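Given next are the chains, with one letter for each unit.
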Amino acid sequence: DTAVSQTPKYLVTQMGNDKSIKCEQNLGHDTMYWYKQDSKKFLKIMFSYNNKELIINETVPNRFSPKSPDKAHLNLHINSLELGDSAVYFCASSQSESTDTQYFGPGTRLTVL
Amino acid sequence: DQQVKQNSPSLSVQEGRISILNCDYTNSMFDYFLWYKKYPAEGPTFLISISSIKDKNEDGRFTVFLNKSAKHLSLHIVPSQPGDSAVYFCAASFDQTGANNLFFGTGTRLTVIP
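Sequences listed follow chains A and B, in order. The letter at position 14 of the first sequence is residue 48 when you use this note's numbering, and the numbering goes up by one with no holes. The letter at position 100 of the second sequence is residue 1158 when you use this note's numbering, and the numbering goes up by one with no holes.
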């Protein structure tokens, strides 16, 4: 039973397209995150939601729009995809925003051509 | 089905002493392992890695040990400093090319007491 799942796992698309990545957690956690891994070295936090409310919104282009229909889901929609958006995107969840333990999803590898 | 596990959510160590953070994995196909350090409201930052052909990799105060037969790795920090206080995540991959995604553990909060 997967704790944090992401779909799709791989996404290849053309520049200029709009795409969504979905994330679901079945742990009953209150807080969910999106990270972008540009390289092996660093995962940059993009957004954090607590009980469907946005609590962290780092400096990302407004082409990226998170949506949390309920606290078990945090989807990432990206408009007008650019080459530089190619990366692995990780979703994660934690019990609360003050909890250190985070469960990561398997990642979505986005390739923009 | 957590394939990478960090069973200790927290660890407290006196400044100057050794910190040992542990990580276990279940998939014997993992070939490359990494440790990340995370501060609040930031993303994890890469710290040190090890390939499965080695059993030890050292970088300054940080040493990672890999025991493939036990499917266990550990991160040693000697000597521990207050600035090391953070959450540490271990991660595993099927190779180090970057073509395969990472599988993360759930993190261990290290507190170094001055």
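For the record, the hints were derived by calculation from the structure and aren't laboratory data. Everything numeric in this text was worked out from a predicted model, so none of it was measured. Note that CB positions come from ideal geometry on N, CA and C, so glycine has one too. Be aware that a few hints might be false.
[Stated by the list, open to error] Examples of chain B residues lying across from chain A (beta carbon under 10 Å, computed):
#1 D1059
#2 V1062
#3 P1102
#4 K1114
#5 G1118
#6 K1126
#7 H1130
#8 V1145
#9 F1152
#10 G1156
#11 L1160
Results of checking the hints against the structure:
1. D1059: holds, 6 Å
2. V1062: OK, holds: B/V1062 within 10 Å of chain A, min 9 Å.
3. P1102: Where the cut-off is 10 Å and the nearest Cβ of chain A is about 5 Å from B/P1102, the hint holds.
4. K1114: Hint on B/K1114: violated, closest Cβ of chain A at ~20 Å, above 10 Å.
5. G1118: violated, 16 Å
6. K1126: violated, 21 Å
7. H1130: At 19 Å from the nearest chain A Cβ, B/H1130 fails the 10 Å test, so the hint is violated.
8. V1145: holds, 5 Å
9. F1152: This interface hint is violated because 12 Å lies over the 10 Å limit.
10. G1156: The hint holds - B/G1156 has a Cβ within 10 Å of chain A, the shortest such distance being about 6 Å.
11. L1160: holds, 7 Å
Taken one by one, the earlier hints fail for this structure at numbers 4, 5, 6, 7, 9, listed in ascending order.
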